[in-house]
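Build the full structure now, drawing on both the sequences and the hints.
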Amino acid sequence: VHHRGAEYEALKEKLTSHLLDILYEAVPQIKGKITFHTLGTPLSEVTYLSSWHAGSYGTKCVPEMFAEINHKWTTTPHTPIPGLYLAGSDAFLPAVCGAMYGGCFGAAAVLGHAGTIRLTLAFLGDFAASLRGE
Numbered sequence: 001v002h003h004r005g006a007e008y009e010a011l012k013e014k015l016t017s018h019l020l021d022i023l024y025e026a027v028p029q030i031k032g033k034i035t036f037h038t039l040g041t042p043l044s045e046v047t048y049l050s051s052w053h054a055g056s057y058g059t060k061c062v063p064e065m066f067a068e069i070n071h072k073w074t075t076t077p078h079t080p081i082p083g084l085y086l087a088g089s090d091a092f093l094p095a096v097c098g099a100m101y102g103g104c105f106g107a108a109a110v111l112g113h114a115g116t117i118r119l120t121l122a123f124l125g126d127f128a129a130s131l132r133g134e
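Residue numbers (UniProt numbering): 1 to 134.
Keep in mind that a hint or two might mislead.
[What the hints assert, rightly or not] DSBU-like mimics (lysine-lysine), calculated; alpha carbons at most 35 Å apart, straight line:
#1 Lys12 with Lys33
#2 Lys14 with Lys33
#3 Lys14 with Lys31
#4 Lys12 with Lys31
For the record, the hints were derived by calculation from the structure and aren't laboratory data. What you are looking at is a predicted structure, and each value in this text was computed from that prediction instead of being measured.
Okay, structure coming up:
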């Protein structure tokens with residue numbers, strides 16, 4: 001839909017570019033292989049997910065989400081479709097930490113053990129540089 005104006009789109013593109021740069025630094029062989037990406041904001045949460053006041057908590061956490069029928073979707077990023085992985089919000093657990101873990105598990109499924117370690121080290125290096133004011 002994307003009717004929020006040039007300034008909003010420029011901000012999203014800047015954030016996306018920064019995140020992709022971090023990814024490419026950690027996993028250079030993935031550069032040029034991403035065929036689609038999108039970045040959501042709190043405004044996207046309200047518009048597309050009907051989240052209350054742009055809340056980042058996602059799906060309401062109820063015991064039924066952990067029922068046996070849902071178990072295969074809440075314990076693995078893998079799907080029956082080759083090359084399609086679940087990641088991010090509600091892919092593992094709801095809320096902010098669930099989204100973080102869902103993203104990590106999805107990335108780990110795609111990157112494998114060595115790629116996951118390289119990505120982790122890149123994030124830690126970026127974080128350390130920000131603490132030093134670089």
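Are Lys14 and Lys31 close enough, with their CA atoms no more than 35 Å apart?
17 Å, holds
Assess, step by step, whether the Cα of Lys12 is no farther than 35 Å from the Cα of Lys31, and give holds or violated.
This hinted pair holds, its Cα atoms lying about 19 Å apart.
Take the C-alpha atoms of Lys12 and Lys33, compute the straight-line distance between them, and say whether it is at most 35 Å.
Measuring from Cα to Cα gives roughly 20 Å; hence the hint holds.
Can you confirm whether the C-alpha distance between Lys14 and Lys33 stays at or below 35 Å?
20 Å, holds
Figure legend: structure checked against the earlier numbered hints; every hint is met.
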